[in-house]
Structures are given as structure tokens and as C-alpha cells.
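Undergrad: Use the sequences and the hints to build the structure in full.
Residue numbers (our numbering), protein chains in the order written: chain A, 3 to 325; chain B, 5 to 601.
Mixed in with the good hints, there may be bad ones.
[What the hints assert, rightly or not] Quick list of in silico lysine to any residue cross-link-like pairs, SDA-like style, CA-CA up to 25 Å:
{"id": "1", "chain 1": "A", "residue 1": "Lys205", "chain 2": "B", "residue 2": "Ser364"}
{"id": "2", "chain 1": "A", "residue 1": "Lys205", "chain 2": "B", "residue 2": "Arg415"}
{"id": "3", "chain 1": "A", "residue 1": "Lys208", "chain 2": "B", "residue 2": "Gly411"}
{"id": "4", "chain 1": "A", "residue 1": "Lys77", "chain 2": "A", "residue 2": "Lys205"}
{"id": "5", "chain 1": "B", "residue 1": "Lys438", "chain 2": "A", "residue 2": "Phe173"}
{"id": "6", "chain 1": "A", "residue 1": "Lys205", "chain 2": "B", "residue 2": "Leu393"}
{"id": "7", "chain 1": "A", "residue 1": "Lys208", "chain 2": "B", "residue 2": "Ala409"}
{"id": "8", "chain 1": "B", "residue 1": "Lys438", "chain 2": "A", "residue 2": "Ser185"}
{"id": "9", "chain 1": "B", "residue 1": "Lys438", "chain 2": "A", "residue 2": "Ala33"}
{"id": "10", "chain 1": "A", "residue 1": "Lys205", "chain 2": "B", "residue 2": "Met454"}
{"id": "11", "chain 1": "B", "residue 1": "Lys353", "chain 2": "B", "residue 2": "Val419"}
{"id": "12", "chain 1": "A", "residue 1": "Lys163", "chain 2": "A", "residue 2": "Ile258"}
{"id": "13", "chain 1": "A", "residue 1": "Lys208", "chain 2": "B", "residue 2": "Ser460"}
{"id": "14", "chain 1": "A", "residue 1": "Lys208", "chain 2": "B", "residue 2": "Arg456"}
{"id": "15", "chain 1": "A", "residue 1": "Lys208", "chain 2": "B", "residue 2": "Arg421"}
{"id": "16", "chain 1": "A", "residue 1": "Lys208", "chain 2": "B", "residue 2": "Glu458"}
{"id": "17", "chain 1": "A", "residue 1": "Lys205", "chain 2": "B", "residue 2": "Arg388"}
{"id": "18", "chain 1": "A", "residue 1": "Lys197", "chain 2": "B", "residue 2": "Arg422"}
{"id": "19", "chain 1": "A", "residue 1": "Lys208", "chain 2": "B", "residue 2": "Leu448"}
{"id": "20", "chain 1": "A", "residue 1": "Lys197", "chain 2": "B", "residue 2": "Gly441"}
{"id": "21", "chain 1": "B", "residue 1": "Lys353", "chain 2": "A", "residue 2": "Pro216"}
{"id": "22", "chain 1": "B", "residue 1": "Lys438", "chain 2": "A", "residue 2": "Ile258"}
{"id": "23", "chain 1": "A", "residue 1": "Lys205", "chain 2": "B", "residue 2": "Arg70"}
{"id": "24", "chain 1": "B", "residue 1": "Lys438", "chain 2": "A", "residue 2": "Ile299"}
{"id": "25", "chain 1": "A", "residue 1": "Lys208", "chain 2": "B", "residue 2": "Met454"}
{"id": "26", "chain 1": "A", "residue 1": "Lys197", "chain 2": "B", "residue 2": "Arg388"}
{"id": "27", "chain 1": "A", "residue 1": "Lys197", "chain 2": "B", "residue 2": "Glu398"}
{"id": "28", "chain 1": "A", "residue 1": "Lys208", "chain 2": "B", "residue 2": "Leu477"}
{"id": "29", "chain 1": "A", "residue 1": "Lys208", "chain 2": "B", "residue 2": "Ser416"}
{"id": "30", "chain 1": "A", "residue 1": "Lys197", "chain 2": "B", "residue 2": "Ser346"}
{"id": "31", "chain 1": "B", "residue 1": "Lys112", "chain 2": "B", "residue 2": "Arg89"}
{"id": "32", "chain 1": "B", "residue 1": "Lys95", "chain 2": "B", "residue 2": "Arg70"}
{"id": "33", "chain 1": "A", "residue 1": "Lys197", "chain 2": "B", "residue 2": "Ile498"}
Calculated directly from the structure, the hints in this document are not laboratory data.
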Amino acid sequence: MTALAAPTEPQEPAVRSPRTPRRQWLAVLGAAARTTRGRVGLGIMLFIALVTVIGPFVTPYSSTAIVGSGLPFAKPSAQYLLGTDVLSRDVLSRVLDGGWVMLVMALCSTVFGVVVGGAAGISAAYLRGKWDGIIMRTVDVVLAFPQLVFALLFVSIIGPKLWLIVIVVGFTQAPAVARVLRSATLDISERDYVKAIELQGVKPVKVMWSEILPNLITPLMVEAGLRLTYSIVVMAGLAFLGFGQPPPSPQWGYMINENRGGLIGGNVWAVVAPTILIALLTIGTNTFTDAVARVAIGIEGRPQEALVLNEAAVAETTLGETA
Amino acid sequence: MRAYERLEVKDLEICLAGTGRDVVSELSLTVGAGEVLGLVGESGSGKTTVALALLGHARRGLEITRGEIALDGVNLLTLSPQEMREFRGAKVAYVPQDPSAALNPTLKIGSQLTECLTSHPGAVDEVRSRVAEVLAEVRLDAQPEMMKRYPHQLSGGQQQRVAIAMAFCCRPSLIVLDEPTTGLDVSTQRHVLETIRNLCKTYGVAAVYVSHDLAVVGGLVSKVAVMYAGRVIELGATYPVFNTPVHPYTRGLLAAAPSPERAEVLTGIDGQPPRPGRRPQGCFFAPRCSFAIDRCRVETPAPVQVRSQVVRCFRASEIVHAERERVVLTPLPDSIAEPSLSLKDISAKYGSQPVLHGVSLDLAPERCVAVVGESGSGKTTLARCIVGLHSNWEGDIRFEGNPLARGTRRRSKDVLRRIQYIFQNPYTSLNPRKTIGQILAQPLDHYFDMSRREMSDRAAKVLQEVSLGEDFLGRYPDQLSGGERQRVAIARAIVVEPDVLVCDEVTSALDVSVQAVIVELLRRLQREHGLSMVFITHNLALVRSVAQKVVVLNEGRIVEHGSVEKVLEHPEDPYTIKLIEDVPKLAPADEPVLSGY
Numbered sequence: 003m004t005a006l007a008a009p010t011e012p013q014e015p016a017v018r019s020p021r022t023p024r025r026q027w028l029a030v031l032g033a034a035a036r037t038t039r040g041r042v043g044l045g046i047m048l049f050i051a052l053v054t055v056i057g058p059f060v061t062p063y064s065s066t067a068i069v070g071s072g073l074p075f076a077k078p079s080a081q082y083l084l085g086t087d088v089l090s091r092d093v094l095s096r097v098l099d100g101g102w103v104m105l106v107m108a109l110c111s112t113v114f115g116v117v118v119g120g121a122a123g124i125s126a127a128y129l130r131g132k133w134d135g136i137i138m139r140t141v142d143v144v145l146a147f148p149q150l151v152f153a154l155l156f157v158s159i160i161g162p163k164l165w166l167i168v169i170v171v172g173f174t175q176a177p178a179v180a181r182v183l184r185s186a187t188l189d190i191s192e193r194d195y196v197k198a199i200e201l202q203g204v205k206p207v208k209v210m211w212s213e214i215l216p217n218l219i220t221p222l223m224v225e226a227g228l229r230l231t232y233s234i235v236v237m238a239g240l241a242f243l244g245f246g247q248p249p250p251s252p253q254w255g256y257m258i259n260e261n262r263g264g265l266i267g268g269n270v271w272a273v274v275a276p277t278i279l280i281a282l283l284t285i286g287t288n289t290f291t292d293a294v295a296r297v298a299i300g301i302e303g304r305p306q307e308a309l310v311l312n313e314a315a316v317a318e319t320t321l322g323e324t325a
Numbered sequence: 005m006r007a008y009e010r011l012e013v014k015d016l017e018i019c020l021a022g023t024g025r026d027v028v029s030e031l032s033l034t035v036g037a038g039e040v041l042g043l044v045g046e047s048g049s050g051k052t053t054v055a056l057a058l059l060g061h062a063r064r065g066l067e068i069t070r071g072e073i074a075l076d077g078v079n080l081l082t083l084s085p086q087e088m089r090e091f092r093g094a095k096v097a098y099v100p101q102d103p104s105a106a107l108n109p110t111l112k113i114g115s116q117l118t119e120c121l122t123s124h125p126g127a128v129d130e131v132r133s134r135v136a137e138v139l140a141e142v143r144l145d146a147q148p149e150m151m152k153r154y155p156h157q158l159s160g161g162q163q164q165r166v167a168i169a170m171a172f173c174c175r176p177s178l179i180v181l182d183e184p185t186t187g188l189d190v191s192t193q194r195h196v197l198e199t200i201r202n203l204c205k206t207y208g209v210a211a212v213y214v215s216h217d218l219a220v221v222g223g224l225v226s227k228v229a230v231m232y233a234g235r236v237i238e239l240g241a242t243y244p245v246f247n248t249p250v251h252p253y254t255r256g257l258l259a260a261a262p263s264p265e266r267a268e269v270l271t272g273i274d275g276q277p278p279r280p281g282r283r284p285q286g287c288f289f290a291p292r293c294s295f296a297i298d299r300c301r302v303e304t305p306a307p308v309q310v311r312s313q314v315v316r317c318f319r320a321s322e323i324v325h326a327e328r329e330r331v332v333l334t335p336l337p338d339s340i341a342e343p344s345l346s347l348k349d350i351s352a353k354y355g356s357q358p359v360l361h362g363v364s365l366d367l368a369p370e371r372c373v374a375v376v377g378e379s380g381s382g383k384t385t386l387a388r389c390i391v392g393l394h395s396n397w398e399g400d401i402r403f404e405g406n407p408l409a410r411g412t413r414r415r416s417k418d419v420l421r422r423i424q425y426i427f428q429n430p431y432t433s434l435n436p437r438k439t440i441g442q443i444l445a446q447p448l449d450h451y452f453d454m455s456r457r458e459m460s461d462r463a464a465k466v467l468q469e470v471s472l473g474e475d476f477l478g479r480y481p482d483q484l485s486g487g488e489r490q491r492v493a494i495a496r497a498i499v500v501e502p503d504v505l506v507c508d509e510v511t512s513a514l515d516v517s518v519q520a521v522i523v524e525l526l527r528r529l530q531r532e533h534g535l536s537m538v539f540i541t542h543n544l545a546l547v548r549s550v551a552q553k554v555v556v557l558n559e560g561r562i563v564e565h566g567s568v569e570k571v572l573e574h575p576e577d578p579y580t581i582k583l584i585e586d587v588p589k590l591a592p593a594d595e596p597v598l599s600g601y
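TA: So this is what it looks like as C-alpha cells:
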């Protein structure tokens, strides 16, 4: 068998695709940011984020101090660019200062929701059987409550603590994440590379963490973006109802509530300014998420060559699937 | 000879849109009425791209940049979209690879067939009678209720016949078949191929049959065009191309195809075809060619006539005389040792559906048993029972005398390590998010107590054994070709030093030239490491080169077993005999195919 013993020459190095992205999530985000949709979404998002972050340092007046004449709803003027609010505070200052807490809370609750929901969805799909039943029925129960009502329930029992709001809102986000990730995991856990690891007798937790999770980055990102949008809306809604930072701290959501008396005949901007900011923020996050999702599914933004060659490769692989 | 040819393709060029990089170039062919042209090539050769171009279609991201595709004298590429729409279906028809995906699952067979006819009024006189006629032509008329069936109620072979009937129903001039028999098992494949051949001959249809499988093409077509890296490198009548191939690539492909008649060393073609935009200067095949001279690396060879073939090779006239060498294998002596793996009376079920019935087999140490069967014979289930992926079975599997538990959870780490499994499809068996180094280190980390340094040393060493360089450690699976991926999968299995290797159709997703390389690699490793191997395949021809013993499975039962020579040369069971007869032979057995010349 001497003829066999001679090892074949090492093959010439495989052709590398032009820019094979290694950090997939970064690559997807990058590609999304290059699409028109992504650029618009990201632009709006960054603009609002900048307002909330830099805002507190550039307020013309203290956001809680009563300024000016002491009369409510002064119209915009050179002195008070957006006029004053119901307690005669500077609207511009309050708007600049009133976003960051909500944004941080929304981010925190999104992270919480995605982690809890992701863990639940992945384990339900991977473990199957009774765990699938237990986890997904729990998810159904949580889903049966309207988000806001669920949050209000806990907040009214325990009290309007900020950490509680973060956790409760995050918790109400979890079911949606769980459902999406469950179906994605169902697909991936049947792949051969997962089976190959199972064949070694590796523990389920490790299989989920090191084999399945890295392949769920894209759906995770899309879900996180979507959940962030919803978190912002719910946070603003809770603030409107008075659950948030206690007054007199400025908050966009609560500003709409406290100043609505000024809508007719008073200073419209005290309501309109925070409304626009909340709307823009959600539109921005949603648009960018949409761009990410489109890139992830391959509707737009993928380099043509990679796509074509990929399709060819996929077509070839299906040959073997039939047996 | 007719005054004009049915299909004439001249100097076709297809590029990646906007880049000017050609995927297919300088492609010229003619196909006459009643003639079937085989367009053969391995993955990435551009054969499917050409097939679609014949319908006037370019896939997303591609554009037809030059050339002419004339059907009965009409250039398809100059037609308006409206004219093109009328042309497709009526004048040129397409049979896709996967019939189950091509038929609309919500429409009855009858409506799918009439749909095509009614959308081309004037193609035939009477729709109803034509549908009945075409069903008879593809031999689907045995059951009168066929028209009322839905696609899922038909078998794969029947579905493909329906797809063929749809293509033929408007009596087109050209029919393009894109690997229409790939998903079918051997016997069905042969019937479908005969149907196609007869229909083309009877109605004077020009047909282009795209395939990666030389053997299938050999028995069907009258003319072959072998494609490599977007060009036709050899074109000629089937018989001479198969028996006296000229181009080194064609010769390599034919040498790589296993033969059920001889146990011989398979010689694959190392390396892989260059991708569009990365093609070398000169002859595209030169980097992989053993005949290459300096000139080949500089100039692009123009087609030349050698014997009856048209070949793109500078050295064609010299190569013609080169002998094709074959290395015959010396068989291993029978082993008298205790079997390393022994299956007794295995019956397995999927849910309540029985898949295996009383299967028994013994695997001697350092020997290879081949398990052969068509799709649905239960061969993969058998493999999965052995390795523990399938746990719903009865019977007794003993590994070195000790019974094996059902399912991986109940097996010890040591047993799991010593029986390794290699998956069918290398495109799905490697985690796309991990580097090759991580993939190889993972089992080492799990089974052994090793430092990082030791793990990467071992990984590098095992890569060498499967003929891959150390530089592969940092790559990701999507940067590798199918053959390279399968090597990595093999490396992952042998890196933990197993005793038994279970290979489940490990070459069925690969090209013929790569298949040969992988099979040789497996055999070398098996002998060097003293592995026992269970080799599962549907390809009887491969068995001869790999295994010493063979069992033939049919519908979950062993119908024949014994030494490879005995079973392949003197089969006793009618099923085995049929299987052997149905293996497509490389050289066309019946001359009538060539009557077109």
C-alpha cells in the first residue's frame, strides 16, 4: 500500500470571499448602516441619543427651577426658546434634561428582557418535552396581560421604584423574545453540527451556550432593536401616568401629562416638544432595526458576488440532502 | 443533417453584474433535433448558469453580456420581455432539479398540467386530449385518478415525471433539464432517463441535460460538453469522450469515478476550481493539471480539434497517447479476530413506524463493512442507532463485547469517544461560527485534560493527516470548499483516537473528483490508525474500493451480505442484482444513442 501512504499534496489555500465578516453582528450592523433605510434610522437615533446625553450639560436654565414671571405657559421668546411650562419652568431645559433617564431605563429593561426571554426561548426549544411546555405556557400567561397593565399591577403593589419598573417592563418584553428565539432554535438544534457535539455527551447548557447561541446573533439583534422601541414607548407611557422619577425631575412622558392644559391657548411646545422627541426616538430605533432585519434576511445590502456564490453553494449542498 | 440546428449558442458570456468578471465565457454549442447534449461540470463550473441562460434568464447578480442563443434561428437574447414570456414554456421548457419544490403543493396534477397549456393558446389543438397524451408519454397514465392527485401524494419519481410532462406538454423545441434525477434512487433514475431519451427522439426535441454525474450522462446523451471554470474544455460525441478522453480534466474526472467491477485506487483531482474573478492567467486548469507546461500558465488555449473532440488544451495531441494508469488494490485477508462491533437483531422505529427489522452485522477490527441501500432503506437509521443519535431500537449492539446503551446520554464518555460518526453533509456538520481550530479543539477539550498549547498542536497535526495545512486553523467553514470541509469533519472524528468510525454517505454531497480524494483519505486513515469502519452509501460502485464486507439493505431488512467480491460479482438476491444492473455505467452500453451522428 505504498501508493496510498504518500499523502496527497496540501491543497492550495481556499479562496477567501472578499470580506468574510468574522464578527457577524458587527458586519450586519455595518451593512445595515450603509443602506438608506439604516442611515436614516441610525441618524435619527443618534441625534436623539445625543440630545439626551449632552442635553443635561447645556441646559440654559435649571430644569427644575421656576424661571421668568412665574405665570404658566409663557409663549416661546428669545429668552425661553420653547417657552415655559405649567409651573413656569423653561421647557427647553426640561426637554434637554428629561430624556436620559428614560433612555437608560429602556436600555436596561431591553437587556433584561432579551436575556430572560432568550434564555427561556432557547432552553424551551432545545430541551423540548416538559420544559418546552412549562416555559412556553408561562410565556402565554405573561403575554395574556397587556404590557402596561402588567407593569402597573406590580408598580402599584410595590411602589414606583425605578429598578422595579425596569425589571417589570423587561419581564413583559421577554415573552416575545422567547417566542422568536424558540422557533429559531428549533431550526438550529436539528443541524448536524449540534448533533455532532451532542454525540460527545456534552451537557445541554454548554451545547446551548457555545453551539446554538453564536448562531442566533442575528435574530437576537433584530429582537433587541424591536424590544428597545417598545420599551421606550412603555417607559414613556408609564411616565405619563406618573410612574417614573418623582416630580419635579423632568421627564418627557410626564411633561406631556402635566402640560396638556396648555395645549389650548397656552404654550403648545411644552407638550409638542417631548412628544416629537419620543416619536423620533422610536421611529429611529424602529427604522434602524428594520434595516438590520432586511440585511439579515438578505433583502438588501449584501454584496452581489457573495450572494451569487452562496446560492451556488447552497444549490450544490441540496444534492446530498435527499438520501 | 438538417438545414439548421435546433439550438445554436455562440460565444456566450455571462458576468457578475457590474463587475465585468465573467462566470461563463466563450461558450459555443449546437444541439440538433432529437439530440441530447450533456452539459457536465462540477460545482461552480457554471453549468446551471448556462442552463438558465438557455431560457433567456440570468440569476440575480448575473447578466448575459455577450453572445447569441439561437433557437430555430431566433435569437432569444434580442426578444422583448413579452415575446420572451410567450417563448418560455411553449418553445423552450425547463425541468428543475427538485420536483417536490417545483410543483405547487396546493394544485392538483391535472390543473398544473393544463395551466401550462392554457397560458400558451395555440400551442396544441385540444388541451384535454394533450394532457392525457402527455401523461401516457411519461408513463403516468396507469392510474386514471392521477389528474386529481396532489404532488405530495406522488413518489419522487412520479413527481419528476409530472415535471417532465409539464415541460413536454406544449411540444417545445428545446428542453433544459437541470439534474432532474439527482434526488431519485438508481432504479427510478433509469426509468426517468429512458423516458426523457425516448421523448426527445420521438418529437425531435433538442435537449440539454445538465449534470455533475458523468455516469448518468454517459448512458443518456449523444454529445457531451465538459465544463470547467465557465468554459467548455472538451466537446464531442459521448462514446469517444468517455472512452478516449483528451483533456486532462476529463481524464481526471473519469479516473475519479469509482467502478463496481474493479477494486482500484481512486485518483481524485486535487485542488479546486477557481472562482470567478480569481481565475489564473492562462489555462484555468493549469494549477491542478499534471500535464501543465509553462505555456499553459501564460496563454489561454483556444479550442482545437483532436480526433472527434474539440478540446481546449495545448498538449492535447500529446496527451492522447498517454496511458491511463489504474492501481488495483490488493484485498485485505479475512479477519478472524473477535468483532469490534456486533449488531444482533436490531429493529428500530421512528415513532410507531418501523424502519429496521432484525438487522445483524459484525464488524471485524481494522476492517470495513459497507452498508448499501437506496433512500428509505434505513441505512442512516442504522448508523444513528450505532452512534446513539437514534434511541428507539430493540436488539443488542455490542462494542468489544459490552452492550451499548440506547442514546448518548446513557453511554460513558469513553465509549462515546471510541465510536465516532461522520455526517453526510459537510456543509451542515461544521458550526459556521467557529474556526477550524475551535472545531478541532472542542472534542479534545471535552474528552482529554489538555492545555491550550497541546490542543492546538494536536489540531495542527491532525489537519496534516487529512492533507490540510496548519493555516486552516484560523479559518471558518464558509471559507472552505466542500471537500475541505469534509476533511475537517474527518479530522474532528479521528483527533480523539477512536476505534470505530461510522461514515454516513460522507461523499454524497461532494463532486466526483473530490469524492475520490475523500475515499482514498478515509482508506489511508483507516489502515494507518487501525480503525474499524462502517461505510454507509447508496453508491454500489464505491463499495468496491473501500470495504471488505458488504450488507445490502432493502426496506429495513438485510437482503444479502458477504464479502464484497462475492456480493458484487455473484449477487444472489434479486434486489441486489437489480441494484447492480441499475448502476449507471460510464461507457454507454447501447450504441443506438449515437445514431444522431
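Undergrad: Evaluate each hint against the coordinates.
TA: So, going through the hints one by one against the coordinates:
no. : hint                : verdict
1   : A:Lys205 / B:Ser364 : violated, 32 Å
2   : A:Lys205 / B:Arg415 : holds, 13 Å
3   : A:Lys208 / B:Gly411 : holds, 18 Å
4   : A:Lys77 / A:Lys205  : violated, 66 Å
5   : B:Lys438 / A:Phe173 : violated, 32 Å
6   : A:Lys205 / B:Leu393 : holds, 15 Å
7   : A:Lys208 / B:Ala409 : holds, 23 Å
8   : B:Lys438 / A:Ser185 : holds, 22 Å
9   : B:Lys438 / A:Ala33  : holds, 21 Å
10  : A:Lys205 / B:Met454 : holds, 19 Å
11  : B:Lys353 / B:Val419 : holds, 24 Å
12  : A:Lys163 / A:Ile258 : holds, 21 Å
13  : A:Lys208 / B:Ser460 : holds, 21 Å
14  : A:Lys208 / B:Arg456 : holds, 19 Å
15  : A:Lys208 / B:Arg421 : holds, 18 Å
16  : A:Lys208 / B:Glu458 : holds, 22 Å
17  : A:Lys205 / B:Arg388 : holds, 19 Å
18  : A:Lys197 / B:Arg422 : holds, 17 Å
19  : A:Lys208 / B:Leu448 : holds, 15 Å
20  : A:Lys197 / B:Gly441 : holds, 19 Å
21  : B:Lys353 / A:Pro216 : violated, 33 Å
22  : B:Lys438 / A:Ile258 : violated, 50 Å
23  : A:Lys205 / B:Arg70  : violated, 57 Å
24  : B:Lys438 / A:Ile299 : holds, 21 Å
25  : A:Lys208 / B:Met454 : holds, 18 Å
26  : A:Lys197 / B:Arg388 : holds, 11 Å
27  : A:Lys197 / B:Glu398 : holds, 22 Å
28  : A:Lys208 / B:Leu477 : holds, 22 Å
29  : A:Lys208 / B:Ser416 : holds, 18 Å
30  : A:Lys197 / B:Ser346 : holds, 24 Å
31  : B:Lys112 / B:Arg89  : holds, 24 Å
32  : B:Lys95 / B:Arg70   : holds, 22 Å
33  : A:Lys197 / B:Ile498 : holds, 17 Å
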